[in-house]
Amino acid sequence: MTDIVCITDVRKTYDSGFEALKSITLTIREGEILALLGPNGAGKTTLISTICGIANMTAGTITVGGHDTIRDYRAARRLIGLVPQEINLEPFEKVINTVRFSRGLFGYPKDEAHIEKVLRQLSLWDKRNSQIRELSGGMKRRVLIAKALSHEPRVLFLDEPSAGVDVELRKDMWNVVAGLKADGVTIILTTHYIEEAEAIADRIAVIAQGEILLVEDKSALMNRMGQKQMIIELQTPVETVPPALSAYDLDRGPEGTLIYSYDTRGERTGITKLLSDLSAAGLVLRDVQTRQSSLEDIFVGLVQKETS
Amino acid sequence: MNLTAIRAIYIFEMTRTFRTLTQSIVSPVLSTSLYFVVFGAAIGSRIDTVEGVSYGAFIVPGLIMLSVLVQSVTNAAFGIYFPKFIGTVYELLSAPASFIELTAGYVLAAATKSLMIGLIILATAFAFVDISIQHPFWMLAFLVMTCLSFSLLGFIIGIWAGNFEQLQLVPLLIVTPLVFLGGSFYSISMLPPVWQTITLFNPVVYLVSGFRWSFFGTSDVAVGYSIAAIFVFTLACLAIIGWIFKTGYKLRK
Chain A
-18 MTDIVCITDV RKTYDSGFEA LKSITLTIRE GEILALLGPN GAGKTTLIST
32 ICGIANMTAG TITVGGHDTI RDYRAARRLI GLVPQEINLE PFEKVINTVR
82 FSRGLFGYPK DEAHIEKVLR QLSLWDKRNS QIRELSGGMK RRVLIAKALS
132 HEPRVLFLDE PSAGVDVELR KDMWNVVAGL KADGVTIILT THYIEEAEAI
182 ADRIAVIAQG EILLVEDKSA LMNRMGQKQM IIELQTPVET VPPALSAYDL
232 DRGPEGTLIY SYDTRGERTG ITKLLSDLSA AGLVLRDVQT RQSSLEDIFV
282 GLVQKETS
Chain B
3 MNLTAIRAIY IFEMTRTFRT LTQSIVSPVL STSLYFVVFG AAIGSRIDTV
53 EGVSYGAFIV PGLIMLSVLV QSVTNAAFGI YFPKFIGTVY ELLSAPASFI
103 ELTAGYVLAA ATKSLMIGLI ILATAFAFVD ISIQHPFWML AFLVMTCLSF
153 SLLGFIIGIW AGNFEQLQLV PLLIVTPLVF LGGSFYSISM LPPVWQTITL
203 FNPVVYLVSG FRWSFFGTSD VAVGYSIAAI FVFTLACLAI IGWIFKTGYK
253 LRK
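Protein sequence lines correspond, in order, to chains A and B.
Going left to right, the first sequence walks through residues -18 to 289 as the working numbering numbers them.
Going left to right, the second sequence walks through residues 3 to 255 as the working numbering numbers them.
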């Protein structure tokens, strides 16, 4: 896979002195879905704005499709589609006109067949002659996506695309994203819904306090950093962890359960010995469950580590 | 040159104009027609000629200029301020279009609207006063140049304005007084000598004077100065807009 977006040592310092981006270096591969995760104020939107030309960077270089976003901004920007976080739309304009406008603004000639395809893909064709103000929040968000897709971008930035969108629509959006990926579009997604990143991303980048903490293949990340937990339900719930089991660093779960965390990559998980020690301590098992830690657990752990 | 972008902005803005026809065109034409009725027909019939022209006819170029200047500034200012206000400006800033192309789209649309208003008011004037145009080409040239240059000014104001009050501030507190004091309703030769000199610092004097010359062949200042003034003003506005887009002033974070 070739790199389609190359961000090298990009810094952004506001006039107030606030450093929103601290020497960001990141490459995005052609055709992948990269989820950019980070807490509020981490610099996700600032980074996207800097790539798209909405914010000036203080230092560094960015290329999109090999085109420098400053020196060769026309070629670079023609490749980019942006779906902003806020629903920014002209309320009195018709859906189809606002989508046509976006295509023209990006220098593409009129193509009604493409506009129709995009509107149908996003289930907006029936609403094409409605004014934006008549649409629901979810539909408005789809109009934003339609505008970004109207000029056939090779790189699509989705800044919190499913904020305020119901579950069904969110799933629809994931299908749209999957379709775009199948068409070869590179997608950069920022989201608060970790499950969204877990469901559709190929790679994960975590940003906090203007710095990239990690960039890694999603599966590799979950394997590397993911822990498994064994939830032990006892016949008689315990108030405290028995001293005989103190070596296991057990946590108390809800309703008197005990939680044992272990590394799946370890040579020994310690499960067999724990079960035997439980029995020796006179505790009778009622049920045992295991669960893999989610991307959210990993993300929270990383950000907490960074901020502490 | 991204001509498609200019065309897209132009069409988008003109669609808004026709969507709000009453507010955009009917309203300014109606208010100017009232000036014709009050100053031209009612009061003007009792006023002697000014520089050999009936007062009703004399004020026609000034009234057209008044509307065109205010409308050019207001239209262009609103055109760029509204995307800032509702947040759609992100699309303009991320588009593969230069500042000249973005400016051209908005300014051409604002100037077209003002030109339409100016021509409708001119047509309306024929219904109220007896008037003839000695230099029709120059009349049109002055009108177009004024629409364009003041739309550029409006574009700057629209970028500068942080709220709707500021958006109204310049047209209301600066442009309108300058037009009223720029010889719209009188010849500056009617002023005391000191005020004649002070008035020459008002750029609108040159526009009204040149425009009036195209109608009646007489002017307060030489026509060459009027043309030069418009060009200098236009270049100054373009330079400011260029600086705005280069630095991102009030546009880019």
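Among the hints, a few may not be true.
To be verified - Chain B stretches covered by chain A per the calculated footprint, using a threshold of three residues with CB under 8 Å from any CB of chain A:
| no. | region |
| --- | --- |
| 1 | 6 to 16 |
| 2 | 53 to 61 |
What the hints assert, rightly or not - Between beta-carbon pairs, the in silico distance windows are:
| no. | chain 1 | residue 1 | chain 2 | residue 2 | range |
| --- | --- | --- | --- | --- | --- |
| 3 | A | L195 | B | L171 | 18 to 26 Å |
| 4 | A | K91 | B | G250 | 25 to 33 Å |
| 5 | B | N165 | A | T42 | 33 to 41 Å |
| 6 | A | K209 | B | N165 | 54 to 62 Å |
| 7 | B | G244 | A | K91 | 27 to 35 Å |
| 8 | A | T42 | B | T199 | 41 to 49 Å |
To be clear, the hints were calculated from the coordinates, so they are not data collected in a lab.
For glycine and all other residues, C-beta sits at the position ideal for the given N, C-alpha and C.
Report the numbers of all earlier hints that the structure fails to satisfy, in ascending order. 2, 3, 8
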